[in-house]
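J.: Mapping of the sequence shown onto the numbering used here: position 81 corresponds to residue 102, and the numbering continues sequentially without gaps.
Derived by calculation from the structure, the hints in this document are not laboratory data. Treat the hints with caution; some may be incorrect.
[To be verified] Straight-line Cα separation of at most 35 Å, DSBU-like style, residue types lysine-lysine; simulated pairs:
# : residue 1 : residue 2
1 : 114       : 37
2 : 137       : 74
3 : 193       : 37
The structure presented is a predicted model; accordingly, all values stated were derived computationally and were not measured.
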Amino acid sequence: MVSAPSSIRSLSQEMKCTIRLLDDSEISCHIQKETKGQFLIDHICNYYSLLEKDYFGIRYVDPEKQRHWLEPNKSISKQMKSHPPYTMCFRVKFYPHEPLKIKEELTRYLLYLQIKRDIFHGRLLCSFSDAAYLGACIVQAELGDYDPDEHPDNYISDFKIFPKQSQKLEKKIAEIHQNEFR
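Make a model of the complete structure from these sequences and hints.
T.: If you want it as structure tokens, here you go:
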């Protein structure tokens with residue numbers, strides 16, 4: 022019996038991983054069966070040149086639709102309950118207790134993207150007034166200062182910020198964006 026050369030054997034043991042990023046773009050790579058979770062975490066952090074790594078992790082969903090964090094010190098293939106190719110998501114594991122101590126602009130941006138996702142998917146529940154203020158912050162981050170020449174009356178309706186976004190909420194978001202963020 023002839024065994025395959027090691028380079029061919031290693032190719033057959035490679036598994037494709039796709040990681041969805043916070044902006045919904047994707048990165049793909051190939052891993053070996055024994056590759057540990059830390060490899061993918063480092064791969065994404067290197068892609069971003071991210072230094073403040075502790076807030077972030079990679080999450081996957083098992084066949085029963087349960088979410089899990091990829092454990093850095095365990096083999097990826099042993100953690101996954103599905104078959105390759107694997108699809109995972111780069112996400113914020115926890116928010117900083119003191120956001121003002123975040124040093125990197127990139128970290129702040131990634132935290133912003135996660136908060137925006139959490140709001141849109143209904144995972145961040147808040148009062149009407151807090152929702153309006155958060156919505157205005159998102160509009161400010163996306164558009165900058167309000168300019169009546171550039172922003173028509175219904176400009177807020179172009180933004181899908183909340184899962185159930187009413188005209189009343191859009192009006193309040195516009196009011197805050199136009200009057201409080203100058």
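J.: Indicate, hint by hint, whether the structure satisfies it.
T.: Hint check results:
Among the hinted pairs, residue 114 with residue 37 is consistent with the structure: their alpha-carbon atoms are about 24 Å apart, no more than 35 Å. Restraint check: the Cα-Cα separation between residue 137 and residue 74 comes to about 19 Å, which is no more than 35 Å; the hinted pair holds. Proposed proximity of residue 193 and residue 37 is contradicted: the alpha carbons are some 46 Å apart, above 35 Å.
Checked against the numbered hints listed earlier, the structure breaks hint 3 alone; every other hint is satisfied.
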